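Participant: Quick mapping for you: the protein sequence lines, in order, are chains A and B.
Sequential numbering from 1 applies to the first sequence in this note's numbering.
Sequential numbering from 1 applies to the second sequence in this note's numbering.
To be clear, the hints were calculated from the coordinates, so they are not data collected in a lab.
Being a predicted model, the structure only gives us computed values, none of them experimental.
A portion of the hints provided could be inaccurate.
No copy labels: a pair is met if it fits in one copy or bridges any two.
[Stated by the list, open to error] Here are the simulated lysine-lysine pairs, BS3-like style, with alpha carbons at most 30 Å apart: (1) K230 x K40; (2) K2 x K18; (3) K11 x K108; (4) K221 x K194; (5) K11 x K40; (6) K267 x K11; (7) K235 x K2; (8) K108 x K277; (9) K67 x K264; (10) K108 x K5; (11) K277 x K221; (12) K254 x K267.
Number of protein chains: 2
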Amino acid sequence: MKVVKTIAEMKAARRGLKGTVGFVPTMGYLHEGHLSLVRKSVEENDYTAVSIFVNPTQFGPGEDLEKYPHDLERDLDLLAPIKTDIVFVPTRDEIYPPGYMTWVTVEKLTDPLEGSRRPGHFRGVTTVVNKLFNIVEPTRSYFGQKDAQQALVLTKMALDLNMPLEVITLPTVREPDGLAMSSRNVYLSSEQRKQATAISRSLILARDMFDRGERNTAAIKGKMAELIEKEPLAKIDYISVAGAYDLGEQDIIKTPTLISMVVKFGKTRLLDNIILK
Amino acid sequence: MKVVKTIAEMKAARRGLKGTVGFVPTMGYLHEGHLSLVRKSVEENDYTAVSIFVNPTQFGPGEDLEKYPHDLERDLDLLAPIKTDIVFVPTRDEIYPPGYMTWVTVEKLTDPLEGSRRPGHFRGVTTVVNKLFNIVEPTRSYFGQKDAQQALVLTKMALDLNMPLEVITLPTVREPDGLAMSSRNVYLSSEQRKQATAISRSLILARDMFDRGERNTAAIKGKMAELIEKEPLAKIDYISVAGAYDLGEQDIIKTPTLISMVVKFGKTRLLDNIILK
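Put together the whole structure using the sequences plus the hints.
Facilitator: Right, dumping it as C-alpha cells:
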C-alpha cells in the first residue's frame with residue numbers, strides 16, 4: 001500500500017496503474033461503513049485508491065471542522081489488510097492553495113434537507129470531489145447511502161458534467177443495535193449513544209407502516225416523532241419524506257421515496273435514512 | 001475526418017485514440033484564428049478534435065445567441081484539409097438535457113471586464129468547457145489570446161480543479177489591416193469595418209508609448225480614446241490596463257500588463273488586447 005501526500009505524487013502513482021481504478025473519498029477516522037466501500041471497490045476494480053481529507057470548505061462557521069476526529073495510523077492499519085493500493089492524504093494547502101477560486105455547484109437538489117441546514121456545505125462537497133475525481137481519475141467511485149443527499153448530488157454532478165466515471169452508492173452499514181455508522185458517533189456520551197438507536201427504530205417503524213399500506217406522510221412522520229421524543233436527550237432537527245430522485249417533499253408517498261432525518265444529541269447531528277421502493 | 005453528434009459517439013471515438021489528443025472548442029463560423037489553433041494542435045498532438053457548439057449559457061438576455069453566425073458545411077470544409085480527426089457537433093439538448101443543474105464558476109477573475117458587462121457569461125463558458133474537457137479528455141486544449149480574460153479564466157479553472165490536461169493560449173490572428181479576427185466581424189457594415197481598425201491602431205499606440213517609457217495608464221488610455229473617438233461610428237465600452245494574471249486595474253504599469261478593450265459599432269462589441277511584458 002502506497003501512501004502519497006501531494007497531488008503530483010498521486011497523479012504519478014495513477015499513471016502507473018493500467019486497468020480499472022476504484023476510488024473511495026473519505027474524511028478519515030474510518031469505520032466499517034467506509035471499509036465496506038473499499039472492499040466493494042477492491043472486488044470490482046483492478047486497483048483501489050482511498051483519499052483521506054477533512055475538507056474545510058464543506059464545514060460552516062461553528063461546525064466541527066477543528067475537532068473532527070482523526071487518527072491516520074489507525075486508518076492506514078484498517079486499509080492495508082483489505083488490499084487498498086493507494087492512500088492519498090493531501091494537506092489543506094495542497095487542495096486549496098493560496099488564490100484558489102473555482103467552485104462546482106449543483107443547484108436545486110442542494111436546496112432542501114442538509115443544504116438548507118448547512119449553507120455552502122454541498123458546494124464544498126461537490127468542489128472537493130470534483131477535484132479528487134480529476135486527480136485520481138477513477139473508473140468507479142463509491143459513496144455510502146447514509147449520506148443520501150450527498151450521494152444523489154455527487155451522482156448528478158458527475159452526470160451533468162459528463163465526468164468519465166461511474167458513481168456508485170452502497171448500503172448504510174449499521175452497528176448491531178441499528179445505529180448507522182458515522183465518524184461522528186464518537187462524539188456521543190454513553191447515554192446519548194443508547195438513546196440514538198431511536199433513529200433507526202423510527203425508520204423501521206416507518207417502513208412497517210408503509211408495508212401495511214400507510215401512504216400518508218403526516219401519519220408516518222407523527223409516529224416517528226413520537227418514538228424519538230421518548231428519548232429525553234434526542235432533538236429532532238427534521239424528518240423528511242421526499243422523492244428519492246428529486247428530493248421534493250411528498251404528502252402522499254409515491255415511490256421511490258427517501259425518508260431521511262437528522263436527530264441532534266447535544267451538538268451532534270446524526271443522519272439516517274431509508275428508501276421505500 | 002469523423003463528424004460526431006452525440007456525447008456517446010464522441011466518447012466512443014475518444015476511446016479509439018491511443019496517444020495525445022489536442023482539442024479546440026469553438027462556437028463555429030470558423031476563421032483563421034480558430035484554424036491557427038487547430039494547426040498548432042495537429043502539430044503538437046497525435047490526434048486533434050474540434051467542437052462546434054454555440055453555447056446558450058454564455059449568452060445573456062438580449063445578446064446575439066439566436067443570430068450568431070453559423071455555416072457547418074463551410075466549417076467542415078475548412079477543418080478537413082488541415083487534418084482534424086474528429087469534429088464534435090452536439091445539439092443544445094445533448095449538452096444541457098432537461099433537469100440540467102450543475103455549474104462551474106471561477107470567482108474574482110470573472111468580476112471585472114467582460115464579467116462586469118456580461119453577467120453569467122463566464123459561468124456559461126467555464127461550465128461548457130469543463131463538460132467538453134470531460135467528454136473529449138484532451139491532453140492539450142487551445143484558446144486564442146483575443147479573448148484574454150476567457151483564456152485566463154479557463155486556465156485557472158483547469159488548474160484549480162486539477163484537470164488532467166494543459167490549457168494553451170495562442171496569439172491573436174489579425175486581418176491584414178490589423179483587425180482581430182472574430183466570427184462577429186461579419187456583423188459590421190463596410191463603413192464600420194473600416195473604422196474598426198482604430199482598435200488595433202490604439203493598441204499599437206499604447207505599446208509605442210510604453211516602449212518610449214510611459215507608465216502612467218491615464219495618459220495611455222487618454223491617447224487611445226482620442227484615436228478611437230476620431231471614428232464617428234465607434235463607441236468605447238471600456239479600455240482597461242490591468243495586471244495580466246490578476247486583472248487588477250493599474251494606475252502605473254507594472255508588467256506583465258494586459259491592455260484590453262471593447263469598442264462597440266452599433267450592437268457589435270469588438271474585443272482586442274495586447275500584453276506588455
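Participant: Check each numbered hint from earlier against the structure, then list the numbers of those it violates in ascending order.
Facilitator: Of the numbered hints given earlier, those the structure breaks are 1, 6, 7, 12, listed in rising order.
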